[in-house]
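Enquirer: Read off the chains here:
Number of protein chains: 2
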Amino acid sequence: MASRTIENYLKQLYLEQRETPEDSIAMGRLAVVMGVVPGTATSMVKALADSGLVHYEPRTGVRLTTAGQQLALHVIRRHRLVELFLVKTVGLDWSEVHVEAEELEHVISDRLLERIDELLGHPLVDPHGDPIPSAGGTVRELEMPSFVNCALGQALMVARVVDQERGFLQFANQSGLMPGAKLEVLERNVNADLVTVRAAGREAQTMSTSAAAKFLVSPAGKSRAKKRKG
Amino acid sequence: MASRTIENYLKQLYLEQRETPEDSIAMGRLAVVMGVVPGTATSMVKALADSGLVHYEPRTGVRLTTAGQQLALHVIRRHRLVELFLVKTVGLDWSEVHVEAEELEHVISDRLLERIDELLGHPLVDPHGDPIPSAGGTVRELEMPSFVNCALGQALMVARVVDQERGFLQFANQSGLMPGAKLEVLERNVNADLVTVRAAGREAQTMSTSAAAKFLVSPAGKSRAKKRKG
DNA sequence: GCAGATATTTTGATTACTCAAAATAGTATC
DNA sequence: GATACTATTTTGAGTAATCAAAATATCTGC
Chain A
1 MASRTIENYL
11 KQLYLEQRET
21 PEDSIAMGRL
31 AVVMGVVPGT
41 ATSMVKALAD
51 SGLVHYEPRT
61 GVRLTTAGQQ
71 LALHVIRRHR
81 LVELFLVKTV
91 GLDWSEVHVE
101 AEELEHVISD
111 RLLERIDELL
121 GHPLVDPHGD
131 PIPSAGGTVR
141 ELEMPSFVNC
151 ALGQALMVAR
161 VVDQERGFLQ
171 FANQSGLMPG
181 AKLEVLERNV
191 NADLVTVRAA
201 GREAQTMSTS
211 AAAKFLVSPA
221 GKSRAKKRKG
Chain B
231 MASRTIENYL
241 KQLYLEQRET
251 PEDSIAMGRL
261 AVVMGVVPGT
271 ATSMVKALAD
281 SGLVHYEPRT
291 GVRLTTAGQQ
301 LALHVIRRHR
311 LVELFLVKTV
321 GLDWSEVHVE
331 AEELEHVISD
341 RLLERIDELL
351 GHPLVDPHGD
361 PIPSAGGTVR
371 ELEMPSFVNC
381 ALGQALMVAR
391 VVDQERGFLQ
401 FANQSGLMPG
411 AKLEVLERNV
421 NADLVTVRAA
431 GREAQTMSTS
441 AAAKFLVSPA
451 GKSRAKKRKG
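Protein sequence lines, in the order shown, are assigned to chains A and B. Just so you know, this note's numbering puts 215 at position 215 of the first sequence, and the rest follows in order with no gaps. Converting from the second sequence to this note's numbering requires adding 230 to each position, the first position being numbered 1.
Incorrect hints may appear among the rest.
Said to hold, decoys possible - Label pairs and their in silico Cβ distance ranges: (1) A/Gly137 with B/Gly351: 35 to 45 Å; (2) A/Thr60 with B/Gly351: 54 to 64 Å; (3) B/Leu349 with A/Ala135: 46 to 56 Å; (4) B/Lys412 with A/Gly180: 47 to 57 Å; (5) B/Thr270 with A/Pro145: 43 to 53 Å; (6) B/Leu349 with A/Arg4: 18 to 28 Å; (7) B/Leu424 with A/Ala47: 54 to 64 Å.
Honestly, the hints are just simulated from the structure, not real lab data. Predicted, not measured: the structure shown is a model, and the values here were computed from it. We treat Cβ as the ideally placed atom computed from N, Cα and C, and that holds for glycine.
Please work from the sequences and hints to get the whole structure.
Expert: This is how it looks when you write it as structure tokens:
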């Protein structure tokens with residue numbers, strides 16, 4: 001049984017690997033996201049390699065093996081189902097469930113997990129719009145434009161918000177930009193590095209390009225299926 | 231912040247202390263309930279004493295301090311609220327929630343805990359009939375007779391089942407003897423060490439005196455209040 | 001192709017928890 | 001009151017995860 005530390009390393013490695021699928025993850029990067037000193041990352045990665053969970057190339061970096069990826073996806077499935085459960089069933093705010101799920105993801109039994117999945121009707125995405133891996137360990141990451149590179153003036157919908165920071169999510173809330181919200185992108189100012197959007201029935205909201213890049217969108221009409229086939 | 235190991239020691243000490251409130255807990259006993267060797271219990275207890283959570287008298291035993299008891303009660307509150315939540319809201323069976331709660335009790339945030347408490351309407355007892363300590367750290371343990379020493383032939387109700395073993399709880403289920411169930415005690419045979427009871431609308435069920443002692447009862451008419459005042 | 005900057009690995013220690021087994025204290029027996 | 005039995009404590013060691021800091025490798029610029 002993988003320790004919670006191991007589960008966290010694998011999860012973080014998976015998330016990093018998503019960002020740059022082609023190359024392996026540097027020790028320095030891993031150390032930063034895990035909040036440890038580089039030496040710790042090195043020795044931990046060696047242990048993971050001994051367990052067959054990662055491929056480790058000294059001075060180059062680390063990549064998940066298939067086994068490591070399966071485990072990582074299972075942790076992420078637990079995390080995201082728990083997040084949705086906390087919002088839908090328990091009634092917590094989507095801005096606060098991430099930290100809670102960070103703990104719960106390590107202790108939920110398979111029995112409870114599948115019960116939650118069933119209760120929620122086998123959902124496809126969590127409250128942030130992040131896809132929920134299946135029990136079998138597959139995820140479908142949809143390619144979606146963000147506020148930065150979508151069409152201007154079109155009817156869009158927030159599909160996913162790729163930042164888990166409490167403060168950022170509260171900002172999104174206040175601007176009416178949570179997943180499912182209708183909006184249009186009004187203007188982009190390349191030199192000032194700004195994007196202005198307006199959510200349905202709201203004041204226009206301006207933000208930096210880097211903030212804008214965290215909102216992924218889909219066309220407003222085409223509401224994506226929210227449930228997995230039973 | 232107390233580690234999960236410390237929380238477990240305190241919880242177990244509390245439960246033992248409740249059994250024999252007058253005397254202190256022997257190291258051997260603590261070692262058994264914690265599933266460790268006696269030496270481990272000794273060194274752990276010394277650490278707890280250094281933190282002011284227990285009074286430790288070498289070669290005699292250990293008792294919780296007020297601080298230790300408060301912490302223990304908080305853990306037990308989390309455990310029992312989680313159990314009830316898993317039964318009522320998630321729909322798990324009462325025979326399986328104990329093991330699940332054993333993990334969850336250490337990672338639930340105060341925020342989530344109070345939300346669950348609210349959602350359940352500030353309940354007084356968990357699915358086994360065990361009382362739920364208040365947020366302030368007080369519990370009311372009611373003195374109740376068991377199948378072994380209650381009146382024969384009277385209309386009774388199962389109020390509490392003091393065994394968390396999955397198998398035992400399933401047996402209770404099958405005999406219709408879960409908390410809330412109406413029943414009467416038909417007969418006791420001192421020599422054969424047996425007790426026979428009949429739950430409402432069921433076949434009579436015979437069990438040993440030691441099994442019978444695990445069912446605590448209250449008069450059937452007087453249904454105890456189930457909710458705490460808001 | 002060498003010097004310096006930067007990233008990585010190694011080494012040695014630390015903390016929390018655990019066990020095995022030896023030492024010790026307390027209790028009971030005769 | 002010496003002997004034996006039992007419970008407890010001590011000692012020494014191990015594991016998982018971590019840090020600080022020294023050693024080493026790799027890249028970059030000239």
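Enquirer: Does each hint hold? Answer for all of them.
Expert: Outcome of the hint check:
A beta carbon spacing of about 39 Å between A/Gly137 and B/Gly351 agrees with the range 35 to 45 Å that was offered as a hint. Look at A/Thr60 against B/Gly351: about 57 Å separates their beta carbons, and that is inside 54 to 64 Å. For B/Leu349 and A/Ala135, the hinted distance range of 46 to 56 Å is not satisfied, since their beta carbons lie about 27 Å from each other. Distance hint check: the CB atoms of B/Lys412 and A/Gly180 are about 48 Å apart, consistent with the given range 47 to 57 Å.
As the Cβ distance of B/Thr270 to A/Pro145 is approximately 58 Å, the hint placing it in 43 to 53 Å is violated. For B/Leu349 and A/Arg4, the hinted distance range of 18 to 28 Å is satisfied, since their beta carbons lie about 27 Å from each other. The hinted range of 54 to 64 Å is satisfied by B/Leu424 and A/Ala47, whose Cβ atoms lie roughly 56 Å apart.
Hints 3 and 5 from the earlier list are contradicted by this structure; the remaining hints agree with it.
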